[in-house]
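**Student:** Please dock the two separately framed chains into a single complex, following the hints provided.
Here's the letter readout for the chains.
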Amino acid sequence: MKNLKWRILLVASVVVLSIIFLTPTLTAKLPPWWSKFFPTDKVHLGLDLQGGMHLVLEVQADKAVESSVERKAHELKRVLRKKGVHFIKLTREGTDKIVVVLTRPNERPKFEKIVKDELPFMEIKTPELRNGKYYYQLVLKAKEAERIKKLAVSQALETIRNRIDQFGVSEPDIRPQGEDRILIQLPGIKDPQRAIDLIGKTAVLEFKLVDDTVSLDRALKGELPPGDKVYPMRTVDRVTGEVRETKIVLKDHTLLTGEYVTDARVQIDNRYNTPYVALAFSPEGARIFERITAENVKKRLAIVLDGIVYSAPVIQERISGGRASITGSFSMDEARDLAIVLRAGSLPAPVKILEERTVGPSLGYDSIRSGLRSMAIGGLLVVLFMAVYYKLSGVLADIALILNIVIIMAGLAGFKATLTLPGIAGIILTIGMAVDANVLIFERIREELRVGKTPRAAIDHGYSRATLTIVDANMTTLIAAVVLFQFGTGPIRGFAVTLSLGILASMFTAIIFTRLVYDYLLQKRRIRNISI
Amino acid sequence: MELIRPDVNIDFIGKRKLAFSFSLLLIIAGIISLVMHGGPRYGVDFSGGTLLQLKFKVPVTEKDIRNGLKDLGMKGITIQKLGGGDINEFLIRSELTETKLQTLSKKVKDAIEKKLGSGNVEVLRVEMVGPKVGKDLRQKALLAIYYSLLFIAIYISGRFEMKWGLSISLALALIAGVYVLTIMGLSMPILILGALIITLIFCWYLKLSYALAAVVALIHDVAITVGAFSITNKEVTLAGVAALLTIVGYSLNDTIIVFDRIRENLRKSRREKLDVLINKSVNQTLSRTLLTSGTTLIVVLCLFVMGGSVIHDFAFALLVGVVVGTYSSIYVASPILILYEDWVQRKRQKARASRR
Chain A
0 MKNLKWRILL VASVVVLSII FLTPTLTAKL PPWWSKFFPT DKVHLGLDLQ GGMHLVLEVQ
60 ADKAVESSVE RKAHELKRVL RKKGVHFIKL TREGTDKIVV VLTRPNERPK FEKIVKDELP
120 FMEIKTPELR NGKYYYQLVL KAKEAERIKK LAVSQALETI RNRIDQFGVS EPDIRPQGED
180 RILIQLPGIK DPQRAIDLIG KTAVLEFKLV DDTVSLDRAL KGELPPGDKV YPMRTVDRVT
240 GEVRETKIVL KDHTLLTGEY VTDARVQIDN RYNTPYVALA FSPEGARIFE RITAENVKKR
300 LAIVLDGIVY SAPVIQERIS GGRASITGSF SMDEARDLAI VLRAGSLPAP VKILEERTVG
360 PSLGYDSIRS GLRSMAIGGL LVVLFMAVYY KLSGVLADIA LILNIVIIMA GLAGFKATLT
420 LPGIAGIILT IGMAVDANVL IFERIREELR VGKTPRAAID HGYSRATLTI VDANMTTLIA
480 AVVLFQFGTG PIRGFAVTLS LGILASMFTA IIFTRLVYDY LLQKRRIRNI SI
Chain B
0 MELIRPDVNI DFIGKRKLAF SFSLLLIIAG IISLVMHGGP RYGVDFSGGT LLQLKFKVPV
60 TEKDIRNGLK DLGMKGITIQ KLGGGDINEF LIRSELTETK LQTLSKKVKD AIEKKLGSGN
120 VEVLRVEMVG PKVGKDLRQK ALLAIYYSLL FIAIYISGRF EMKWGLSISL ALALIAGVYV
180 LTIMGLSMPI LILGALIITL IFCWYLKLSY ALAAVVALIH DVAITVGAFS ITNKEVTLAG
240 VAALLTIVGY SLNDTIIVFD RIRENLRKSR REKLDVLINK SVNQTLSRTL LTSGTTLIVV
300 LCLFVMGGSV IHDFAFALLV GVVVGTYSSI YVASPILILY EDWVQRKRQK ARASRR
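Top line first, the protein sequences correspond to chains A and B. Residues in the first sequence are numbered consecutively from 0, following numbering that gives the first Met the number 0. Residues in the second sequence are numbered consecutively from 0, following numbering that gives the first Met the number 0.
Pulled out of the complex, with its shape left as it was, chain B reads as follows (with noise of 0.2 Å):
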């Protein structure tokens, strides 16, 4: 069985001006998404604060909750129904932590069991969260990331290019980079920032032109996945971190794939314009894209419907940066490429051009 013909032949590249608009769509309505919540939105991981997941024996609503926990006196309480109809589940998040030893979870039960009659609340689910686990948690997440990127970038920009040499000073570029910006006081996220601007940097002075399409496509997929997460409202936990890094990791994969097909035509031959010969090694392995997409898309579809409300958003994650990570490997990486080669081309030419 086929369902993408060997000798398919789709225009790409041609489009690529249209996959760009679309892409800088998708990011733009994620920042303004991420300016008008005020940054993400964290969960208790990062935040601190107490998340409650309650079932109940009898329908209440979300009036039913709040009226019980007014007593308590509580701040900053969220409600949120979780799945269907008549599943009485739900979620409850305050910026409340209790670091004395009566918990707010026997707390929270006990006021709404006074409402509702004993026996009827079953607490799930607790996650408390100190402000200082929360900061240490947060400090991991972010070392974990800037670790992740750091490590790729050296293997990408080592393994395109056939540098090692190169990618080894990239990573000493890059260690320095950040230790200047770390003893100038600035807070991780913008540490990361930094890591990934000194990564394009030396990426397009040194002209490792694929190791810079697969980072531009690597931060293309994750600025998507942030966005979706704020549009959505979901909250930033260390799960969402994980599956963001995982994306991270696949969605260079299906890239690797198509740069190692391109490198395989260019051996090949030598003449063929590079715009036609990049479209070609992308039609080429369409067939192995979006099958393997396919297949990673039906599991995490799977584990997205039926996997239960803990690993909902994770799944979530996985989900947009699977769909993503394929678009970006086809869409986005490979024009990048394009993009990079003709501006070197060009200012080859103007400089034989200024020298005549």
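Next comes chain A alone, as it looks inside the complex (with noise of 0.2 Å):
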């Protein structure tokens, strides 16, 4: 007797557990009081149900580490020729090198205190004597380059979250993956395009000077003077709209970059009714800007973002108050992500696309739908079947095999899994699979009764020869299932979770929740016949 009633207990508590978890998923509306004592997790859709877009990224690490080898390099260049030290060639080769050629054997030793009290990090080989020069080859050590690299990684992760988080995903979920790779989820996007323009720019902003006094077609033919480089241009004309990509003769010095850029906004130029992006500086930058400006009154200066010049104005006066702005005929939401990249900061290396899935809302819905309907269905068979071939034992088992289904849900909700689409499908297997355990007991059953034994001898038989079988058979599945939630991924994880979850639940309820009931009607209702 006292056995029966923490069985009672057991089962109630399960139940009991699992409509809390399941509550919230259910109702829209909690009570204020509800979130005090109990969960408030929904059961979390996964991106190939509710829409959305899941991205691969991978940081191109080793062009940050070239990139600091090249800053590294014009630092050095700028320190030799201040303190003069002759050297015919200095570049740098590969992503980690800076090949120097001296002339003067005396200036080697002044030339090596310079390295190592410069750039510390920058190993010095035994230099080689080729037709009386001297060539050093400048290496980066290789704890250097790895702290770049991952500094690089999570920088890179930071910002684009910043991005993400002024563009306005609910719910994004960002992180890193591996050694480079940065893992991207947005639920709900409706534009993948521009998401990933969003996140992919490197936003590198620079400004420089427009050589006017190179003819493009004398450029373009490589008659380029010193220090010039031929850049494209974005041009959109004014009447149709239409983007098109022209060339312009740049001064290759960078004279000042997006660092110093401290906030950008969209505004909307009140003659052509165009947006712009207004730029505002640091008091630095702010300076640096005041300077070149006054320098180069009527010059032109361009604006190039990640290579490409966008505008090159004019400079009409020398402008103090550290402001600019960037013109290019921009559609409102270029504008918008413009200048959320701007304010979010460039990326310290750019980006490659490694994988990406996207889901459409409408087919999300569409598999949403079509998922619970087959459910429904297959359920409403399987369902009926069982009531029609064992009766009122059969309808014991729906009872079951309804409880496995709120079962399976509310663990989704508790251990905050993801219902995705393989996962229904896996709910929907469950369902042929769990009445399994309680055909294997009634057959159990049917077949003792047979031979003439009692209900109760029966039952009794039924369920002890019949557990073990249960269990056994269940855990090849499980193993299956285990394995795939090691080795899968997202909705294949969602697969393996469900599947688990639902052998774990049929376990549960054809053993102990159906025997309770059996047991509770033979001893407190002494029925002598069993509708099977």
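Errors might be hidden in some of the hints.
To be verified - Below are the DSS-like pairs computed for lysine-lysine, each with C-alpha atoms no more than 27 Å apart in a straight line:
(1) Lys189/A to Lys54/B
(2) Lys162/B to Lys351/A
(3) Lys149/A to Lys62/A
As the list claims (entries may be wrong) - Distance windows between CB atoms, simulated:
(4) Ala141/A to Leu142/B: 41 to 51 Å
(5) Pro175/A to Lys113/B: 55 to 65 Å
(6) Ile174/B to Tyr134/A: 47 to 57 Å
(7) Lys113/B to Lys142/A: 32 to 42 Å
(8) Gly37/B to Ala386/A: 46 to 56 Å
(9) Lys113/B to Lys149/A: 20 to 30 Å
(10) Lys206/B to Gly187/A: 56 to 66 Å
(11) Lys206/B to Ala11/A: 26 to 36 Å
(12) Lys113/B to Glu178/A: 24 to 34 Å
(13) Asp216/A to Lys113/B: 25 to 35 Å
(14) Glu94/B to Lys189/A: 27 to 37 Å
(15) Ala141/A to Thr181/B: 23 to 33 Å
Since the hints were derived computationally from the structure, they do not count as laboratory data. C-beta atoms are modelled at their ideal positions from N, C-alpha and C, and glycine is treated no differently.
**Tutor:** What follows is the structure in structure tokens.
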């Protein structure tokens, strides 16, 4: 008797717990006192069901190392010139090397001291002597390269997180994956291309002077003065709005970068009613900007973003106050996104898309609908079949089945797992398999009854014989499910979770719950016949 | 209600030659198809590439889409229409993986809209997997297959024979064997094949007859399902692998139940001839086998018919697996058991004869 009480308590607590975990999912409005005592997590839908984008990016961290070495090379050049060390060549080679050619042997110790002082992270390889010149190779230390790479990845992660936050996506999931990858999940995104543009833009902003002394034709033929470079320029036709790419010759030396930008906002130009991006510089940036504009009045200053010139207005007068604007006939969305990336800062290294999976909202909706519909119809057929085939015992199995589904859903909410389309398939599969345990038991009971045993003995025998078999048979599927969870990605994990939950729940409902009902009926109600 | 009478006695074991021929025929058909197609057709998950699912507001044909995409100069495109008559949905598959910021989906959409008018194309789904990720996923899937086979082999050899010591030594043999094969630099599919062969040899020599029969049945089910994928020209995707592993678990489920009954009957009567006893056991569990396979089949069929395009292939794999798994637990696993026991008997008799 006591035994029965405990079992009733166990089953009742599982049922109550399941219902508590499931309530937030079922009702839109929870009473205010609920969150004080009970969990409020809803069953979380996967991207394949609610629509959205899954991206895996690779941060090309080598490029960060490269640009760090490049900066070091520039710095070294400046210091060597200042200290009067003679060299004929000083360039970056590969990702992590600087090659310097010294012309005067007696300057070697001075040079090596400067490198040691100014560039402590560069290792000086023994120089080669060729034609009376010293060929030096400075190599970035492996540890430092590693540090730069790690920093690049974490900075990229931070920047992307900032951009997405400002873009406004509800519940984005952004996290590092492996050494140099970033996983991004954006539920419910409507314009995937725009999001990719926003996330992936390196957003390096540079100000450079236009070289009007060189004609474009000659420049394209390769007749460029030293220090000049041809850049692509984005030109928008005012009338048709068509975007074309033209070329422009710039002095390659960068006067000012986006590092000094403290704020970027979209403003509307009253004359043309077009949006533009207004920039504000930090005090230091403002001083540099004022100096540049003062020195270059009547010249054109090009605004370059990721190597593309957006506009090249003529400097009318010295500009103080640290304000500038980027025009370029943007659409409202383009201007808004540009402002976001300028505010959030540039990526320390370019990123590459390794994997993209996007599900449009309508397909996600269709998937839920058809998944639930096949679940409902399949479930109904099984329920009807069981009731017809095993009569009242079948109905009992059906109640167990419904309890089973409730436990699975509650488990999903409780473990904060994600319900995916394969996950729904897992539940559907469980519906088919959950009755398996009951069928095994019922068949066994029928056999025992046929031999002439009393209902009570038949039920005892049926359960005791079938229990081990049930555990056994479910074990192999459980092994497969657990392994799938270990190695699976996103949707497959959802499948593994629902399948494992389903197997465990079905063992509970079949072995403990239905047995309890029989025992109750036999002991308390003293029924003589089983409807099976 | 009863569909299968309790006193049913169908001669399954007697028909084993017919069943073996049938199974062999299915497996050979699958192998021929695999050879003709040059291996399984991998989906973008494994091979890398881009899959687009597009929906059109106006009726279009495959040719229209191909025309629209001509300007992009894409190579290796396959276009497949989804669903029935008035559903204007197409799957476009390309080997290209666009890693630049302009995604392929936008290019394709723009190119087609140029021909059909804007607003007529909706991108329902994009799956782009770069070569690096494809390689990772391939490795992960193979590891998943390998480990589930490993654990299941250990479980069934331990559980069926109640010789856990032996099953642990099987595990060690498997790990050592696979380690040797890895050192030889063999690829993962060959490793899995190697692991299976090691398991079979191990069971054979240590006379783990139940485990042996179960593993043979398992290989049988997987081989036929993979073959069915190849014959119907379906792609093997991550979800497909998940379905395959589920089938492995599920088909063993049936086999375990039949084998449990065989052992139970063996304990009751030691005198009965083995093939008669096994046939009796299969018949006793037949009702249960068919009922549960039936209910599983009902729901999987619902999923296959109504589950929608995304889950269709997954449901197909489950469908084939459930049917083949049920068939194999009746017609393959038990007969193999007899075959093996017969072989052991004959060997013993031979040994006895030679001793005289």
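**Student:** Taking each numbered hint in turn, which are not upheld by the structure, reported in ascending numerical order?
**Tutor:** 2, 4, 5, 7, 9, 11 and 12
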